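A.B. asks: Spelled out from the first residue to the last, the chains are:
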Amino acid sequence: MVILGLFFIDISLGSVYIPLEEVFNILIGGDVEKSSWQNIILKFRIPRALTAIAVGAALAVSGLQMQTLFRNPLAGPFVLGISSGASLGVALLMLSGSLITSSFFTSGLGNWLTVIAASLGSGLVLMLVVAVSIRVRDSMTLLIIGLMFGSLTGAVVSILQYFSTGDEIQIYLFWTFGSLGGLNIDELQVLGVIVAAGLAVTASIIKPLNALLLSENYARSMGVNIKSSRLLIILSTSLLAGSVTAFCGPIAFIGLAVPHLTRLLFDTSDHKILLPAVALTGTIIMLVCDIISQVPGSQSILPINAITSLLGAPVVIWIILRKGSMKNTFAS
Amino acid sequence: MTATQHKHINLQTDQLTVGYFNAKELTPVLENISIKAYAGELICFMGPNGVGKSTLLRTICNLQKPLSGSISIEGIDINQLDAQAMAQAISLVLTDSINAGNLTAYELVALGRYPYLGWNLKVNDTDQNKIDHAIAQAGIESYVRKKIYELSDGQLQKVMIARALAQDTPLLILDEPTAHLDLNNRVAIVNLLKKLARDENKTIIMATHELDLALQSADKLWLAGYNKPIIEGIPEDLVLNGSIDEVFQLKGYDLKTGTLKKESMGRKVNLSGSGHTYLWTKNALERNGYEIDTLALTHITIDDETNYWKINKDVTAHTLEDLIKQLNQTIL
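Top line first, the protein sequences correspond to chains F and E. Take the first sequence: its position 149, counting from 1, is numbered 356 in the working numbering, and each next residue is one higher. Take the second sequence: its position 249, counting from 1, is numbered 854 in the working numbering, and each next residue is one higher.
These are calculated hints, taken from the structure and not from any lab test. From a predicted model like this one, the values you see are computed outputs, not experimental measurements. Treat each hint with caution, since some may be false.
Ranges between beta-carbon positions, derived for each pair [to be verified]:
no. : chain 1 : residue 1 : chain 2 : residue 2 : range
1   : E       : V728      : F       : P483      : 16 to 26 angstroms
2   : F       : L227      : E       : V728      : 39 to 49 angstroms
3   : E       : K670      : F       : T348      : 35 to 45 angstroms
Don't be surprised by glycine CBs; every beta carbon is placed ideally from N, CA and C.
Take the sequences, apply the hints, and build the full model.
C.D. replies: In structure tokens form, the structure reads like this:
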């Protein structure tokens with residue numbers, strides 16, 4: 208219900224004012240006053256809101272898995288270097304300074320190129336992480352190695368930026384702000400399928416995730432195959448966080464904060480409840496952020512990445528202060 | 606009922622050598638272990654730090670491979686057991702910190718059924734009965750609805766034992782289950798384990814450093830010393846034949862009387878009296894360097910009726926502290 212309501216609010220807001228009853232008319236397929244309104248709603252606002260839903264669920268669920276796997280409250284979807292890998296791919300594409308790429312951008316193929324570059328980048332980092340994860344026994348080592356990959360790619364991006372022109376850097380910078388709006392129906396379908404696949408993988412590993420709450424040794428003693436579970440966790444996280452980053456840029460905060468919020472609100476650590484709850488909470492928060500980013504009544508759209516943190520951080524602080532220690536809900 | 610009356614062998618090792626493969630080189634830690642553990646026995650596994658207790662326990666749990674020899678559980682070689690079957694054969698209580706503060710004690714106990722559940726975690730009547738039985742046996746009914754973070758250390762340890770019980774395995778292995786607990790809880794845990802070994806006809810192996818508790822409650826001790834084979838036997842035999850002295854190289858602890866050795870400072874007193882007061886008076890005197898000697902000139906009498914002490918019939922003391930002070934003045 209909340210999601211439906213927010214979805215409706217989200218699509219009725221934007222730089223062009225459209226009366227509420229008209230929005231409703233368009234949704235149920237009725238007659239509309241202006242056909243341009245129908246266009247705006249169906250081609251821009253609905254994909255945008257659907258993107259917000261997919262992004263919110265995907266990032267929140269991958270954050271939850273990382274926090275459970277690494278037993279670390281500061282873990283998020285990007286600790287394994289997924290967003291750094293994507294940034295590297297995009298930076299290589301945008302900052303390499305060739306004329307070919309800039310002509311692609313003007314021709315409209317640029318969007319797919321960005322997606323491919325980001326996927327390749329995060330895929331590469333991820334393959335390295337998986338290769339490492341097969342060799343190492345404990346997940347802490349994996350966490351540190353993921354962080355190191357992140358630093359490495361960050362350094363390469365810095366060097367690329369240093370040798371780039373102002374325009375190129377600006378294009379890259381806009382990508383890092385994150386955007387929910389750039390997706391057309393085709394792209395949205397691809398994103399939707401990948402996110403659904405990632406969520407399905409996560410749903411299949413609820414049992415090992417719960418067992419991991421105790422410790423890896425306990426999980427092993429309860430018959431959980433740690434290595435294959437870890438691979439599945441990495442796989443679903445890369446599907447979820449990787450696809451979102453490829454299409455929408457590195458969207459911060461949601462993946463880190465939503466699992467904590469949900470644990471506090473639902474007062475449980477059981478992944479059977481947490482998984483759907485986290486996905487729902489992520490969706491709701493992402494829709495709210497999207498509504499705010501469009502600054503109701505104004506012409507401009509703020510970068511979504513700024514909004515998620517600007518809105519999210521105070522909310523998390525407020526809930527922690529009200530509900531008591533986060534340590535209680537996370538560790539014992 | 607003595608341990609030898611049990612016929613059913615739950616765990617048996619044959620010429621087992623455990624240790625590590627380091628830099629393509631074998632590093633044996635404990636060698637030639639051939640021991641049997643019977644159903645219904647509480648076994649305390651003791652030895653100095655670093656002697657290889659954990660290595661042996663890890664090997665028994667099939668978490669690392671033996672360097673040579675074999676291990677069988679209920680007559681089946683553990684190499685023939687897959688992860689699922691191992692989880693239905695051995696349950697563990699470890700010292701690992703757990704990450705499940707927001708689970709209730711009940712949910713944590715229910716995790717013990719994981720080796721029997723499918724991916725969707727559906728609990729059937731058998732599972733439900735085992736969980737209820739485990740909770741009743743461990744005596745944790747009164748706080749089973751509380752969150753893990755609300756429990757005291759002693760309560761948490763009982764919940765962890767209940768979880769292992771719910772796993773319904775012939776073998777239960779505990780790693781220092783009484784560490785960090787106060788005396789009351791240490792005794793409660795050991796009594797609980799002893800009761801469980803009897804009632805549930807389990808083999809319970811507990812690695813511990815608590816010599817006093819082990820001597821008073823274990824059906825059997827396994828003693829591991831540096832560069833020695835593991836010695837097994839009932840506690841009293843191992844005390845009398847000097848095995849414990851040899852393994853622990855006890856300094857200042859008199860095993861035969863179960864007390865710390867007291868240094869006599871050559872001052873002798875004669876003590877007469879009876880009961881607890883006599884024992885504690887003797888303790889206070891010996892702790893302060895007095896030796897009890899019936900031929901000594903200084904004579905202390907205890908008056909049980911009025912609860913005071915007399916030195917040579919003229920000096921009266923109302924507390925032991927007072928008595929020692931008076932004695933020090935009289936004799937020196």
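A.B. asks: Checking against the hints above, which ones are violated?
C.D. replies: 3
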